[in-house]
Amino acid sequence: MALRYHRYPESYDIIVVGAGHAGCEAALAPARMGFKVLMLTISLDHIAFMPCNPSLGGPGKAHIVREIDALGGEMAKNMDETMLQIRMINTSKGPAVHGLRGQADKQRYHQRMKLLLERQDNLTVKQGLVEEIVIEDNEVRGVGTAEGIFYEGKKVILTTGTFLKGKIIMGEATFNSGPNLQYPANKLSRSLMEAGLKLRRFKTGTPPRLNKNTIDFSKMIPQRGEKGLSFSYDSNPRTIDEDICFLTYTTEKTHQLILDNKERTPLFSGEIVGIGPRYCPSLEDKVVRFPDRERHQIFLEPEGLHTDEYYAAGLSTSLPYDVQIELVRSVPGLEKAEIMRPAYAIEYDCIDPTQLELTLETRGIRGLYSAGQINGSSGYEEAAAQGLIAGINAALSLKGEEPLILDRSQAYIGVLIDELVTKGTEEPYRVMTARAEYRLLLRQDNADQRLTQIGYRLGLISEERYQRFRQKVETIGEGLELLRSIQINPLPEVREKLRELGSGDLSKPVTLEEILRRPELDYENLRYFYPQLPDYPEDVIEQITIEVKYKGYIERQLMQVEQFRKMENKLIPADLDFNELDNLRLEAREKLNQIRPRSIGQASRISGVSPADISVLMIYLEKMNRGREDGENTIQ
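For the sequence shown, our numbering assigns the number 1 to the initial residue and increments by one for each residue that follows.
Where hints are given, some of them may not hold.
[As the list claims (entries may be wrong)] The calculated lysine to aspartate or glutamate pairs, modelled on EDC-like cross-linking and capped at a C-alpha distance of 20 Å, are: (1) Lys423 <-> Glu568; (2) Lys262 <-> Asp322; (3) Lys77 <-> Glu226; (4) Lys623 <-> Glu562; (5) Lys551 <-> Glu568; (6) Lys253 <-> Glu326; (7) Lys219 <-> Glu294; (8) Lys549 <-> Asp445.
If you are wondering where the hints come from, they were derived from the structure by calculation, not from laboratory data.
Work out the full structure, taking the sequences as your base and the hints as a guide.
Encoded structure:
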């Protein structure tokens, strides 16, 4: 340990560096599991801060928020308690891609989470700028801060977000800063590189914030919210304001302003070297890449109830401030808009996530975990999910228990972590429903059925909540059994009612399940044929309906999962030297030694490893297992 640090009088089981969405979950989970946790943040005033859009959800992202909740995390509850608006999107498509999207009150979201952290047993929250990760004999010992303090910890979880060597870019103006002009972490990157971690440079951005009193909402399209929805399975749906979000569009003038000022755009001038997110590009990037698009959507969304700042989603830009003023005023409804905070791009350091285990522990440095945007991901939801898994696994390691590794058939969280660790990412990674092979099984509506049992086993789900969950599952089972047991005969009045409902005729007896399977009919329609139909809760009816209508597709995916699991269960010895396998191609050996896959399934997803390489690896493992069995038989 460097001599410049003074040892803090207390030591900790786990130290969490950063207090964004990843840091909050990473600290809460092990504290709730009984471990002594220290959270260090650059600013106590920015805990759980939303430096970009104050919202959560959407396809894929809403799935992850629900999964965090089912495991016992806090994000969904915090959102429900501080939410301004919520709605379900993608409802014209199947349930696999339905996604909740909610608008939060930014300050209340921060304030509730901060107070929750401060009052959590076993958790200490402190303001401090971490400059160094102290490592001895390839094992983490703690952290050193700019204040000259060494905090000793058995495990350290890095959740630094976009703060590592953060650099704000706004046209020709550039300066070192974290998001929203917070203090950056300028020295920690060097410590990570000295520890042997490979870093890269990524970029993200944010749009301007506008004064509500200078916006003409009459020229925009209201985006209505819905009642009776919530992110958490443990929350009561809230009644909220509906008319607070609005839609408008860019114009030909908007696009021409960007083209006229292209030489002043850091994205094209070479000032920005970091790689930005493909699925959330800046407006200038969209205009240049899609010249045939006549207009792009701009959503106006409030920052909170106690501020007149509005977020202009879709107007992310790194153009100079003077151009931003003209750009904003070229949009219908914003002709007189005043910018309260200008848009900017931010570059930051992050690590190559292929240096991590599936537990999110760094390979080669025992006790050092990493979660969130430092791993190359984007988004609050992806960060929180990684933080939760890192926190849980740090705690399980201290207990000497097996880690929690969710696979791709269990959760979007499993898809997220597997892709980061196994495939890596060349740009800020964003979870999407298209990335999941088994997305019909990984719906946002059934996250509790997939993961609550795990959260309960970890001690993160209360007994009361678990018993409510069990009752729900039992009721779903009873409902499905009832529909399969009640038979309806093709009586004249039955056939007439089916015709009235726009459904096909009936020529033979069928069960209620078979009737519900018809696309045009819903659960309530069954009352015409069976008046004693139980009046189940809405969430139970939803599950029964999906199970019935998508039964064939679900069964097919379950068969695919069975094959997937066979590959995932073929474990690879942790100490296997792939260079010893002469029949493997050189590229495959290099990639396998770099990633150190846990199973044949994970190995098959590594870029550069072919099906032929997997066959060689499987033959080798089979021979090795047979040799071990022969040896055991000889001893006997």
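Going through the hints against the structure:
Distance restraint check for Lys423 and Glu568: the Cα-Cα separation of roughly 16 Å lies within the 20 Å cut-off, and the hinted pair is therefore satisfied. Between the alpha carbons of Lys262 and Asp322 the distance comes to roughly 14 Å, so the proposed pair stays at or under 20 Å and holds. Restraint check: the Cα-Cα separation between Lys77 and Glu226 comes to about 18 Å, which is no more than 20 Å; the hinted pair holds. The hinted pair formed by Lys623 and Glu562 fails the criterion: a straight-line CA distance of about 24 Å is larger than 20 Å.
Only pairs whose Cα atoms come within 20 Å are accepted, and Lys551 paired with Glu568 is rejected, the gap being roughly 25 Å. Taking the CA atoms of Lys253 and Glu326, the gap is about 9 Å. The hint holds against a cut of 20 Å. Taken as a hint, the Lys219 and Glu294 pair is honoured in the structure, with Cα atoms around 18 Å apart against an allowance of 20 Å. Between the alpha carbons of Lys549 and Asp445 the distance comes to roughly 15 Å, so the proposed pair stays at or under 20 Å and holds.
Figure legend: structure checked against the earlier numbered hints; hints not met, in rising order: 4 and 5.
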